[in-house]
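Chain residues, written in single-letter form:
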Amino acid sequence: MTGVVAGPFTASEMMIVAAARELAGQRVCFVGVGLPNIAVNLAKLTGAPDLELVYEAGVFGARPARLPLSIGDPTIVTRATAVTSMLELFGYYLQGGLIDVGFLGAAQIDRYGNINTTVIGDYATPRTRLPGSGGACEIAIDARQVFVIVRQSRRSFVERIDFRTSPGNVGGPNGARIRREQGWLGAGPSVVVTDLGVYHFDADGEMRLDSIHPGVTLAQVRDSMAWEPRVADRLAETAPPSPDELRLIRDVLDPEGVYTG
Amino acid sequence: MAASKSASMRDAIAELVRDGDTVAIEGFTHLICFAAGHEIIRQRKRDLTLCRLTPDVIYDQMIGAGVARKLVFSWMGNPGVGSLHAIRRVTEGDAPTLELEEYSHFGMVGRYTAGAMKLPFFPLRSYFETDLPRANPRIRPVTSPFGDEVVYAVPPLNPDVTIVHAQRADAAGNTQIWGLPGCQKEAAFAAERVIVVVEELVAEEVIRADPNRTVIPGLVVDAVVVEPFGAHPSYAQGHYDRDNRFYLDWEAVSRDEAALRAWLRDWVYGVADRAGYIDKLGQERVAALRPGPAPSGSVDYGDYRS
Chain A
1 MTGVVAGPFT ASEMMIVAAA RELAGQRVCF VGVGLPNIAV NLAKLTGAPD
51 LELVYEAGVF GARPARLPLS IGDPTIVTRA TAVTSMLELF GYYLQGGLID
101 VGFLGAAQID RYGNINTTVI GDYATPRTRL PGSGGACEIA IDARQVFVIV
151 RQSRRSFVER IDFRTSPGNV GGPNGARIRR EQGWLGAGPS VVVTDLGVYH
201 FDADGEMRLD SIHPGVTLAQ VRDSMAWEPR VADRLAETAP PSPDELRLIR
251 DVLDPEGVYT G
Chain B
1 MAASKSASMR DAIAELVRDG DTVAIEGFTH LICFAAGHEI IRQRKRDLTL
51 CRLTPDVIYD QMIGAGVARK LVFSWMGNPG VGSLHAIRRV TEGDAPTLEL
101 EEYSHFGMVG RYTAGAMKLP FFPLRSYFET DLPRANPRIR PVTSPFGDEV
151 VYAVPPLNPD VTIVHAQRAD AAGNTQIWGL PGCQKEAAFA AERVIVVVEE
201 LVAEEVIRAD PNRTVIPGLV VDAVVVEPFG AHPSYAQGHY DRDNRFYLDW
251 EAVSRDEAAL RAWLRDWVYG VADRAGYIDK LGQERVAALR PGPAPSGSVD
301 YGDYRS
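Taken in order, these protein sequences are the chains called A and B.
According to our numbering, the first sequence is numbered sequentially starting from 1.
According to our numbering, the second sequence is numbered sequentially starting from 1.
Mixed in with the good hints, there may be bad ones.
Said to hold, decoys possible - Cβ-to-Cβ under 8 Å is the rule here; a few derived chain B residues that face chain A:
#, residue
1, 28
2, 66
3, 210
4, 242
5, 244
As the list claims (entries may be wrong) - Derived CB-CB ranges, DEER-like:
#, chain 1, residue 1, chain 2, residue 2, range
6, A, 122, B, 46, 24 to 30 Å
7, B, 94, A, 256, 39 to 45 Å
8, B, 284, A, 234, 55 to 61 Å
9, A, 204, B, 140, 28 to 34 Å
10, B, 44, A, 218, 31 to 37 Å
11, B, 142, A, 227, 34 to 40 Å
12, A, 27, B, 296, 35 to 41 Å
13, A, 79, B, 300, 21 to 27 Å
Said to hold, decoys possible - Which bits of chain B does chain A cover? Going by a derived footprint, with three or more residues having C-beta under 8 Å, they are:
#, segment
14, 3-11
15, 43-50
16, 123-133
17, 193-204
The set of hints was computed from the structure by calculation and includes no laboratory data.
Yeah, the Cβ is synthetic: ideal placement off N, Cα and C, and Gly gets one too.
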């Protein structure tokens, strides 16, 4: 039963809370729409009050007064610190090295955190045409670190992705060397939050399951991915959302349950 | 005073958009000129190469209506909702009929920038270790002339026509935008011809009172079309909100080819112009999208005379 966690909260709420906690101490965050957006706003209200929200549409220091419905919602503009052209946003802020954390989603992800959001099947004659890169490939390269939020299944956690849209740790152990030699700004993916657990990356650049969410079993995690995962020696259980975190999500950040219902 | 470039949407599209043209209707989620897209559909333009970072619902409508042979883009989706099914129908499976040329957001912005500056390419630190350069051979590695560092390069993009929606312009085409400026400036300077569509036509003095807000000068503008609510269902900062219901409803329309044809018949071919579309939409729905006020305050430029 993928995507179901025990207790009085949804899998989406657990993902939001787990991602928000990972943001503690971070300063400048490149936000995506949907779950990452709620996670970042929750972090700002809890463990990372100094977080600056950057939206690729051209906003630095956003103070959204409602849940943005698209990546360029007008609420991210009103009362922001700065509104910029996309040339400035991608050129000066992202490629200029000012982004600490970038969020990415994934249609497919491999054990090294390489991501496909372009096509399922062959590029020229795809079974499914996905949105493509958008800003993802440059976020993967330029953000100091990358957080991935993705629902986990055998379709999304695959042995081999059909198209590499956004590089992670490339081939694994060589990832850090490639990034250094080619002069990339970012260190690559650091966290993957799914509906079943939380992964970080080990010294080989491979995803390691560090915690599983309440009510989820390791067998369930294994059944929801195409490779045999590395598992932390001391596998933890993710602390469930606190009453305060749930209240903020339900009453303040997504009162209509658009993304969390 | 400069000559007026005021035109009706019908005349501007008829005169400035030609079959086979490369056309950019820019605006990143904000100020997407649906009014111009609909007029292009109504005039049954053909074989266009459509350029946009995010094709959005407008290009789903235009491609569904058969105006395009090629799409140049960086992210293809119904923002915040899901897929663009009319585009997917002609890009998936064994025999796609729409040609695609795809970049990343920064790649597309860089292409307009190089086009505007008449540079042979724009260098950027994207695409390393991705499949994008293999999928699109116009994304190429380039070695720095000042060392051995390798970055990627994308070619200039010079649309035949760029269409920009804005809050206001004067009759000479001096155009002011607030809220997200996206890459409208770059796309306009890169283009051979520029159509500006505005919520409001203002006097030259209004523009001159706040020159920092001018994004596109009349110098590069060929036609100014006044079309209030012309960006619906996208939004115009300070004027109206995104009509999210429309974006949600588009999912079902776009999925079904017959429903899409019916929608085009009712909302595009079946209305004479934008005013007809707004009438059909109804004043109640329009009024519900008006935001409350959040004025900027103002700055003092100072009056400098000898």
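Return the numbers of the hints above that this structure violates; sort them in rising order. 2, 3, 10, 12, 14, 15 and 17
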